[in-house]
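Number of protein chains: 2
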Amino acid sequence: MGIAERKEKHQLEIKKRILEASMKLFVEEGFEHVTIRKIADLIEYSPTTVYLYFKDKNEIFFHIHEMGFAKFLELNQNLATIANPLIRLYKMGENYIYFGLNNPEYYDVMFIQRAPMETLKQLNVCDWSLGETAIGALRALLQECMDKGLIKQSPIEAVVMAVWGMVHGLISLAIRERLDTIVPKEDLSKVMHQSLNWLLGTIDATLVES
Amino acid sequence: MGIAERKEKHQLEIKKRILEASMKLFVEEGFEHVTIRKIADLIEYSPTTVYLYFKDKNEIFFHIHEMGFAKFLELNQNLATIANPLIRLYKMGENYIYFGLNNPEYYDVMFIQRAPMETLKQLNVCDWSLGETAIGALRALLQECMDKGLIKQSPIEAVVMAVWGMVHGLISLAIRERLDTIVPKEDLSKVMHQSLNWLLGTIDATLVES
DNA sequence: TTTGTTTAATTAACGCTGTTAAGTATTTTT
DNA sequence: AAAAATACTTAACAGCGTTAATTAAACAAA
Numbered sequence: 196m197g198i199a200e201r202k203e204k205h206q207l208e209i210k211k212r213i214l215e216a217s218m219k220l221f222v223e224e225g226f227e228h229v230t231i232r233k234i235a236d237l238i239e240y241s242p243t244t245v246y247l248y249f250k251d252k253n254e255i256f257f258h259i260h261e262m263g264f265a266k267f268l269e270l271n272q273n274l275a276t277i278a279n280p281l282i283r284l285y286k287m288g289e290n291y292i293y294f295g296l297n298n299p300e301y302y303d304v305m306f307i308q309r310a311p312m313e314t315l316k317q318l319n320v321c322d323w324s325l326g327e328t329a330i331g332a333l334r335a336l337l338q339e340c341m342d343k344g345l346i347k348q349s350p351i352e353a354v355v356m357a358v359w360g361m362v363h364g365l366i367s368l369a370i371r372e373r374l375d376t377i378v379p380k381e382d383l384s385k386v387m388h389q390s391l392n393w394l395l396g397t398i399d400a401t402l403v404e405s
Numbered sequence: 196m197g198i199a200e201r202k203e204k205h206q207l208e209i210k211k212r213i214l215e216a217s218m219k220l221f222v223e224e225g226f227e228h229v230t231i232r233k234i235a236d237l238i239e240y241s242p243t244t245v246y247l248y249f250k251d252k253n254e255i256f257f258h259i260h261e262m263g264f265a266k267f268l269e270l271n272q273n274l275a276t277i278a279n280p281l282i283r284l285y286k287m288g289e290n291y292i293y294f295g296l297n298n299p300e301y302y303d304v305m306f307i308q309r310a311p312m313e314t315l316k317q318l319n320v321c322d323w324s325l326g327e328t329a330i331g332a333l334r335a336l337l338q339e340c341m342d343k344g345l346i347k348q349s350p351i352e353a354v355v356m357a358v359w360g361m362v363h364g365l366i367s368l369a370i371r372e373r374l375d376t377i378v379p380k381e382d383l384s385k386v387m388h389q390s391l392n393w394l395l396g397t398i399d400a401t402l403v404e405s
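One line per chain: the protein sequences are A and B, in this order.
FYI, the numbering used here numbers position 114 of the first sequence as 309, with every residue one higher than the one before it.
FYI, the numbering used here numbers position 1 of the second sequence as 196, with every residue one higher than the one before it.
Hints are computed from structural coordinates only; laboratory data are not their basis.
Careful, some of the hints might be misleading.
If several chains are the same, the list does not tell them apart, and a pair holds so long as it fits within one copy or across any two.
Simulated crosslink set (DSBU-like; lysine-lysine; CA at most 35 Å straight-line) [as the list claims (entries may be wrong)]: (1) Lys385 <-> Lys316; (2) Lys266 <-> Lys202; (3) Lys316 <-> Lys219; (4) Lys343 <-> Lys380.
Quantities reported herein were computed from a predicted structural model and do not represent experimental measurements.
Construct the entire structure; sequences and hints are all you get.
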């Protein structure tokens with residue numbers, strides 16, 4: 196079935212081109228400038244052709260949201276070399292903040308926009324594996340720290356949600372312009388790191404209480 | 196100038212009717228079903244008339260966002276009777292969570308949607324007074340607790356941002372469907388309270404360390 | 001090779017959206 | 001009574017996501 200295979204290859208090729216065009220628009224012009232018609236223009240097809248390869252616009256954003264997670268995972272490669280789990284925890288938080296502040300559009304589609312979740316619901320995929328993997332990594336790391344006595348014994352789930360919640364909260368407030376008049380733009384990173392360090396400091400068992 | 200006054204009254208009346216119609220649509224059908232044409236239908240004017248009273252759609256959402264803050268402030272009346280600032284702090288956090296989970300559409304337009312902030316920028320209003328007032332109340336309360344030795348001495352700004360960030364983070368993750376597959380809907384409130392209580396517990400100077 | 005059938009892509013259109021320009025009455029002022 | 005300002009509407013622009021119907025191309029079977 197060499198012919199059928201070639202056909203399938205070709206279809207995947209077009210799917211790839213649609214996603215590449217979408218990514219180009221997304222990266223260069225931002226979320227709300229990604230339109231079916233502009234994608235079609237870029238790949239030199241008619242707008243309706245896009246619908247032969249993707250169910251709807253949400254599905255395209257689902258793939259962009261996947262790319263975002265890939266980028267985030269790549270950034271987190273720098274954790275692998277850190278032996279001390281507590282230092283790794285601090286660094287993971289730093290990575291999260293860094294990623295959010297330097298890739299706000301990606302962060303937005305990964306954690307704020309509704310579009311990718313719509314696809315998840317529609318496909319009846321009953322778990323958000325990308326998100327769960329990320330949060331799972333945080334949970335495992337916190338558990339490791341706790342097991343090794345590096346952080347105080349605490350209800351793990353509460354701490355996981357508190358840490359994730361805090362960093363996500365600050366980043367999403369910044370991205371959606373709720374900190375513009377409260378924290379000068381150039382201080383954003385500093386303020387977030389202070390909050391993160393303070394939070395982790397409160398559970399850090401290796402710090403001497405002053 | 197009785198005639199000019201009457202005219203002005205009439206204009207304010209129509210402005211009010213537009214906002215009432217907008218609120219009706221917002222409350223009954225949600226953010227994205229508030230359209231200029233539907234508003235116009237409700238008040239029985241043509242769509243263009245709306246633009247005689249409001250610069251654009253963002254300005255209408257700015258007012259809805261104000262209504263949200265009013266509703267939130269009203270909810271926080273229950274804090275006034277609490278003498279102990281530490282208990283007031285716990286209760287303030289509870290209120291925030293309660294408001295977010297029970298008024299997700301309001302919360303969305305207050306803290307997530309870009310629309311109201313656009314109006315702020317356009318009008319060259321250089322501070323988001325509603326947001327700053329809310330965060331100011333949290334800051335003052337934390338300061339009071341610290342002054343009275345009810346919570347541990349900590350860098351106040353870091354703690355303010357950490358607390359606000361955490362509750363906002365969890366609520367916005369829930370509203371934008373990032374917790375759907377991680378926390379069962381019926382457990383959402385419980386989980387958030389656990390995280391809040393854990394966080395406040397770590398700075399609570401009145402708790403005995405176990 | 002010609003016919004029939006499947007596949008791929010297109011054109012045209014639907015029903016929306018926010019917004020603006022131009023026009024029409026109505027009322028007020030001169 | 002004529003001119004000017006006010007309030008509102010009609011019509012339209014320029015876009016959007018999406019679907020139905022249609023054409024052109026590639027393939028299969030006769």
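Now the hints, each set against the structure:
1. Lys385 <-> Lys316: The answer is between: 24 Å across copies meets 35 Å, while 37 Å in one copy does not.
2. Lys266 <-> Lys202: within (30 Å within a copy, 59 Å between copies)
3. Lys316 <-> Lys219: both (26 Å within a copy, 28 Å between copies)
4. Lys343 <-> Lys380: Close across copies (33 Å), not inside one copy (38 Å); limit 35 Å.
Of the numbered hints listed earlier, not one is contradicted by the structure.
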